[in-house]
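K.L.:
First to last, the sequence lines map onto chains A and B.
The first sequence runs 19 to 277 under the working numbering.
The second sequence runs 220 to 477 under the working numbering.
Calculated directly from the structure, the hints in this document are not laboratory data.
The model shown is predicted, which means the values in this text are computed figures rather than measured ones.
Treat the hints loosely; a few may be bogus.
Claimed, not checked - Cβ-Cβ distance ranges computed for the label pairs, FRET-style:
| # | chain 1 | residue 1 | chain 2 | residue 2 | range |
| --- | --- | --- | --- | --- | --- |
| 1 | B | T228 | A | S155 | 30 to 36 Å |
| 2 | A | A148 | B | A240 | 46 to 52 Å |
| 3 | A | R159 | B | K461 | 55 to 61 Å |
| 4 | B | D345 | A | L102 | 53 to 59 Å |
| 5 | A | L98 | B | K461 | 55 to 61 Å |
| 6 | A | A170 | B | K247 | 47 to 53 Å |
| 7 | A | I114 | B | L366 | 37 to 43 Å |
No residue lacks a Cβ here, since even glycine has one placed at the ideal position from N, Cα and C.
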Amino acid sequence: MAQAVMKPGAARGPVSGTAKSREGRRRKPFLVDLYGTAVGKKYAMAISGIALLGFVLFHMIGNLKMYLGASDLNHYAHFLEKLLYPILPEKVMLWILRFGLIAMVLVHIHAAYTLTVLNRKARPVKYQSARDYQVASFASRSMRYTGVIVLAFVVWHLLDLTFGTVNSYTGTKDAEGLKDVYGAVVYTFDRVPVAIFYIIANIALGVHLFHGVWSLFQSLGWNNPRFNKWRQAMATGFAVVVVVGNVSFPVAVMAGIVG
Amino acid sequence: MSHHLSNLTLKVWRQSGPDNAGHFESYKIDSISDEASFLEMLDVLNEKLIGENKEPVTFDHDCREGICGTCSLMINGQAHGPERATATCQLHMRKFKSGDEIVIEPWRAQAFPIVKDLMVDRSAFDRIIESGGFITAPTGGAPDANLIPIPKPVADAAMDSAQCIGCGACVAACPNGAANLFTAAKISHLNLLPQGQAERYKRVEAMVETMDEYFGSCTNHGECEAACPKEISVDVIALMNKDYRAAKFKNRKELSRN
Numbered sequence: 019m020a021q022a023v024m025k026p027g028a029a030r031g032p033v034s035g036t037a038k039s040r041e042g043r044r045r046k047p048f049l050v051d052l053y054g055t056a057v058g059k060k061y062a063m064a065i066s067g068i069a070l071l072g073f074v075l076f077h078m079i080g081n082l083k084m085y086l087g088a089s090d091l092n093h094y095a096h097f098l099e100k101l102l103y104p105i106l107p108e109k110v111m112l113w114i115l116r117f118g119l120i121a122m123v124l125v126h127i128h129a130a131y132t133l134t135v136l137n138r139k140a141r142p143v144k145y146q147s148a149r150d151y152q153v154a155s156f157a158s159r160s161m162r163y164t165g166v167i168v169l170a171f172v173v174w175h176l177l178d179l180t181f182g183t184v185n186s187y188t189g190t191k192d193a194e195g196l197k198d199v200y201g202a203v204v205y206t207f208d209r210v211p212v213a214i215f216y217i218i219a220n221i222a223l224g225v226h227l228f229h230g231v232w233s234l235f236q237s238l239g240w241n242n243p244r245f246n247k248w249r250q251a252m253a254t255g256f257a258v259v260v261v262v263g264n265v266s267f268p269v270a271v272m273a274g275i276v277g
Numbered sequence: 220m221s222h223h224l225s226n227l228t229l230k231v232w233r234q235s236g237p238d239n240a241g242h243f244e245s246y247k248i249d250s251i252s253d254e255a256s257f258l259e260m261l262d263v264l265n266e267k268l269i270g271e272n273k274e275p276v277t278f279d280h281d282c283r284e285g286i287c288g289t290c291s292l293m294i295n296g297q298a299h300g301p302e303r304a305t306a307t308c309q310l311h312m313r314k315f316k317s318g319d320e321i322v323i324e325p326w327r328a329q330a331f332p333i334v335k336d337l338m339v340d341r342s343a344f345d346r347i348i349e350s351g352g353f354i355t356a357p358t359g360g361a362p363d364a365n366l367i368p369i370p371k372p373v374a375d376a377a378m379d380s381a382q383c384i385g386c387g388a389c390v391a392a393c394p395n396g397a398a399n400l401f402t403a404a405k406i407s408h409l410n411l412l413p414q415g416q417a418e419r420y421k422r423v424e425a426m427v428e429t430m431d432e433y434f435g436s437c438t439n440h441g442e443c444e445a446a447c448p449k450e451i452s453v454d455v456i457a458l459m460n461k462d463y464r465a466a467k468f469k470n471r472k473e474l475s476r477n
């Protein structure tokens with residue numbers, strides 16, 4: 019009666035933990051081999067996620083300079099362009115970091131996409147009655163949607179404050195001859211729809227981080243009874259700090275505290 | 220003194236074979252003792268259907284005492300029904316109320332094709348076990364009980380994992396149809412114990428990669444743990460992930476010795 023489940027057309031060799039043929043198998047390069055399985059892809063998700071967490075946190079901390087005034091923020095932006103200058107020419111280190119970030123974003127998206135496809139295939143026929151989820155949080159079940167919102171926001175944010183495509187003020191110099199980042203931020207948040215989009219996207223980011231930061235511990239196999247109870251607290255704390263910091267900027271501009 | 224529930228409506232998934240289209244069929248249970256188990260309630264329904272010369276509902280069951288892992292059923296959208304840490308066979312009708320509508324559906328996953336009605340084929344789990352869920356040991360007389368000393372916390376942790384009865388509720392409850400809780404329970408059961416060490420890294424690599432051929436991936440929702448009739452913790456999944464990473468390094472190193 020019960021027949022072995024075989025994927026159509028899939029030839030499967032012996033998979034026993036002691037099978038000789040497995041030992042003789044030609045191995046792909048380490049990272050390619052690891053990335054070939056779902057568990058390995060979750061490692062890629064977690065590691066690229068950690069890199070992006072670092073960026074998100076330091077981006078927020080750096081932007082807090084705007085509360086110290088225009089000169090402080092503009093000097094900070096100039097400092098980033100001159101990272102490791104004069105060892106490297108101006109902006110070279112900045113671009114190295116940017117390429118690193120872009121690579122991490124691509125890994126994160128590729129892993130998320132391929133895992134989503136795998137998961138959809140794993141249940142081709144959905145439950146025909148309503149599911150009653152017990153513990154899956156809104157955050158965990160909306161990761162792909164919050165992720166897409168954040169990605170769309172990042173694209174807008176780059177066009178706005180980095181390339182100036184949608185912000186005519188970006189690139190203007192201040193009295194000291196530095197790029198007036200402060201003025202560009204004030205310009206962008208004086209547009210109410212932009213500020214609202216910014217706030218919504220940051221709340222989506224917070225929801226994404228709330229699940230992501232907890233989840234990465236599991237994916238990386240970091241499980242220790244001594245610190246397990248801190249994992250969710252750390253995720254909540256990280257998400258709150260980043261969201262409160264980031265959302266304060268448009269609120270401060272709209273309230274006239276900055277500007 | 221037992222009470223009776225009356226006027227239950229069952230919406231049961233009926234499907235005549237693996238390749239046939241299925242549908243929900245409604246049945247009335249006029250009266251059932253609240254001491255009846257959920258499966259006994261289905262037995263009563265089947266007796267009635269047979270009496271009416273209709274096809275009885277096919278469902279998986281065996282020991283009916285919660286230890287064999289044969290029973291299944293998605294009951295009102297929850298694997299093994301509303302009671303925590305309870306397999307369907309140990310779920311009793313006192314958990315329901317008179318007049319309730321109860322929706323019963325089979326496990327749904329690519330790797331668990333429906334055989335008939337509520338019965339699914341879970342042999343994909345066997346493929347995972349075959350690939351490494353055992354220890355290779357010389358058979359013969361049973362060794363002395365305390366020949367290999369094992370610290371109590373380690374024995375307890377291994378026992379917690381060994382409780383897995385392989386019912387598939389974790390896969391059924393997982394929004395991704397992943398079998399990580401099952402596979403991780405089977406891996407950690409052996410990988411925690413001294414007897415499992417010799418094949419530890421071969422085991423985890425083989426079992427994870429076999430799992431990958433049939434099931435979805437883990438997104439840490441925790442639904443598996445909530446559905447598990449043996450309350451196996453998602454902590455075992457972290458242990459599996461850690462051992463898988465270690466295996467990728469160690470197994471390559473072992474191979475390069477040849």
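K.L.:
Each hint should be assessed against the structure and marked as holding or not.
P.N.:
Hints and how they fare:
For the pair B:T228 and A:S155, the supplied restraint of 30 to 36 Å holds, since their beta-carbon distance comes to about 32 Å. The hint said 46 to 52 Å for the Cβ distance between A:A148 and B:A240, and at roughly 20 Å that hint is violated. A:R159 and B:K461 have their C-beta atoms about 26 Å apart, which leaves the hinted 55 to 61 Å range violated. For B:D345 and A:L102, the Cβ-Cβ distance of about 57 Å falls inside the hinted range of 53 to 59 Å, so the restraint holds.
The hint said 55 to 61 Å for the Cβ distance between A:L98 and B:K461, and at roughly 37 Å that hint is violated. Range check, A:A170 to B:K247: about 51 Å between beta-carbon atoms, so the 47 to 53 Å window is met. Between A:I114 and B:L366 the C-beta distance comes to about 58 Å, which lies outside the given range of 37 to 43 Å.
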